[in-house]
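*Asks:* Under my numbering, the residues of the sequence shown are numbered 1434 to 1851, in order.
Hint data in this document are derived by calculation from the structure and do not stem from the laboratory. Cβ atoms here follow ideal geometry from the backbone N, Cα and C, with glycine treated the same way. Any given hint might turn out to be false.
[As the list claims (entries may be wrong)] Label pairs and their in silico Cβ distance ranges: (1) K1555 <-> V1513: 32 to 40 Å; (2) F1489 <-> V1712: 39 to 47 Å; (3) V1610 <-> R1470: 38 to 46 Å; (4) E1546 <-> A1715: 46 to 54 Å; (5) E1468 <-> R1584: 24 to 32 Å; (6) L1492 <-> P1448: 19 to 27 Å; (7) V1607 <-> S1677: 37 to 45 Å; (8) F1507 <-> A1669: 18 to 26 Å; (9) R1463 <-> A1659: 43 to 51 Å; (10) R1451 <-> R1771: 54 to 62 Å; (11) P1548 <-> R1595: 19 to 27 Å; (12) I1464 <-> R1771: 42 to 50 Å; (13) R1457 <-> P1548: 47 to 55 Å.
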Amino acid sequence: MKAIDLSGVNLGLSPQERDQAIERTNNTARITVGETRIAIWCLFGFAAITFSGRLFIRLATRRRLYVDDGFLIFAFVCLVVGTVLFHLRLEYLYVEVAVLRGNPDALAIALTELPEIIAQAKWQLCTFAMLWTSIFSTKLCYFAFFHSLIRATPNWFIWYFRISIVFTVVLWIVTVVGLQIIPCPYLGQEAAGKSLLMSTFCETWPNIEQEKCFPQLPVSHTTLTAISITLTAFDAVSDLIIVSIPIYLLQSSRMSILKKIGIGSFLCLSGFMLTCCIVRAAGGFDDGIVDYSWQSFWAQAEASVGVAMASITAYRATLVGSNDISDRLRARLYKIKRRTRNNAESSNSSPQHQSRTTSWLPRVPMGRMTGLGSLFGLRTCYTTTYQTQQLNSKSDIDEYHAFIRMPDAVHAKGNVRE
């Protein structure tokens, strides 16, 4: 990093001068502070809407939550905390990056508000920890969703699934440690050190002996680049693993190509997280420095997109998974609509009008993943009606994995024939 020149820097800023310096500093990065705030809250809003819709559908149709819902709820909570921290500390994050670039306005702000700049390292560590925890909790949500689907698969695939879970958990720990603690294992005053930037305040910070992490990191740019590329590659591998699981389950089924594409498009939505991962890594370094503002923005974007895509994944499985779920959802939505009507209008309505209003919702096509039966060695001689009766007769089993119950249905049918 280039040496920081303090000549010509205004060491005492009035409130008006500070506001002007902050405004200029906010526009120095590739994405301005205003654009960042709009983008992160739009992405968060989209994630919150899809997440709320998933919970509403799940509780309205099944009146309970599952393991994958628990992981997704935890991911959403971490996303909320990470987004709020990112929003509150955004200006100081931009000041920190601008100081690394040697911006005179940022240097003046840093010298005026040195304690806040030093504390930024702690807040930044918390923000990244929350966002990365949200990202990997979303990945574990996918694994929980696929768990019931792989019970009848070959042993090698079950081991592949288990190793993938362990790999994802280890990668989460290494990512939080690798991106934050390895480059700088210090926090606060100890991280800042008595650098050239703080030479004016040596008497204020007597315990600081030498520069450690700010503005110069103790590791080289080559080391930082290698760490970033390695962790990004592993993150991309984990996303590809999640995408590969439904692809394997679908490729051996006897469904038509269009049905496979339709179901696969829902189950492989985690691929959008891979896109955010690549973009984040591509611009993580700018002019030889770590662009924390860019990395933080795309980490928040990846976490928001991950929560949204995991929520949308359940929509098809819930709405089109079985006749029972579809009918119950239609009945629940109609009940909500009926409660909002005026009592006088309901009492005066004719029978013909009532018969028309009971079908105000369009019926969802009854597509289901029964074509996967061939993957598990099932015969296709039984009819769709018999399948539906068998699937709907066991209400205590998870309905969005209804097609897994088909082996039990075939076994029961064989006993009847005997």
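*Asks:* For every hint, state whether the structure bears it out.
*Replies:* Against the structure, the hints:
no.	hint	result
1	K1555 <-> V1513: 32 to 40 Å	violated, 19 Å
2	F1489 <-> V1712: 39 to 47 Å	violated, 32 Å
3	V1610 <-> R1470: 38 to 46 Å	violated, 29 Å
4	E1546 <-> A1715: 46 to 54 Å	violated, 32 Å
5	E1468 <-> R1584: 24 to 32 Å	violated, 47 Å
6	L1492 <-> P1448: 19 to 27 Å	violated, 50 Å
7	V1607 <-> S1677: 37 to 45 Å	violated, 21 Å
8	F1507 <-> A1669: 18 to 26 Å	holds, 23 Å
9	R1463 <-> A1659: 43 to 51 Å	violated, 23 Å
10	R1451 <-> R1771: 54 to 62 Å	holds, 59 Å
11	P1548 <-> R1595: 19 to 27 Å	violated, 48 Å
12	I1464 <-> R1771: 42 to 50 Å	holds, 48 Å
13	R1457 <-> P1548: 47 to 55 Å	violated, 22 Å
Checked against the numbered hints listed earlier, the structure breaks hints 1, 2, 3, 4, 5, 6, 7, 9, 11, 13; every other hint is satisfied.
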